[in-house]
Amino acid sequence: MPELTPISFFSRFEEDILSGAKTITLRDESEAHFIEGETLSVSTFEDERWFCNIKVISIKKVAFHQLDDTHAMQENMPLDMLKSLIQEVYPGVEQLYEIKFSLV
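So for the sequence shown, UniProt numbering puts the first residue at 1; every next one is plus one.
Bear in mind the hints are in silico, worked out from the structure with no lab data behind them.
A portion of the hints provided could be inaccurate.
What the hints assert, rightly or not - Pairs of lysine-lysine, PhoX-like flavour, derived with a Cα cap of 20 Å:
1. K55 x K83
2. K55 x K100
3. K61 x K100
4. K60 x K83
5. K100 x K60
6. K83 x K61
Unchecked claim - FRET-style restraints, in silico, Cβ to Cβ:
7. Q95 x F51: 24 to 30 Å
8. K55 x G92: 30 to 36 Å
9. P2 x D68: 17 to 23 Å
10. E15 x L79: 18 to 24 Å
11. L79 x E48: 25 to 31 Å
12. Q95 x E15: 26 to 32 Å
13. G37 x E88: 26 to 32 Å
14. F51 x G92: 26 to 32 Å
15. H65 x P2: 15 to 21 Å
Beta carbons: idealized from backbone N, C-alpha and C, even for Gly.
With these hints in hand, go ahead and build the complete structure from the sequences.
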């Protein structure tokens with residue numbers, strides 16, 4: 001069996017991913033190289049601990065100023081918190097990529 005492509009999330013998102021409450025991730029261009037239909041091996045960013053696999057449903061471009069309540073709901077957080085987090089992780093980045101996924 002081929003090795004799965006890795007992706008990491010902050011550990012605080014583990015429960016949201018496992019419960020299905022978090023169904024997208026917003027990444028910059030350097031982290032948008034995944035392929036629709038691809039299964040990814042998910043680990044925590046902090047300690048690289050594997051906790052599940054996800055399947056990429058879709059990938060689409062979204063500008064920072066276009067983020068709305070739907071994105072926030074899919075990220076399982078309020079919109080102002082989502083925008084603040086994005087600015088912290090990707091300072092100054094306007095072009096993001098929405099990676100929609102499901103737990104497998």
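Handout entry: Hint check against the structure, violated hint numbers in rising order
Key = 1, 9 and 15
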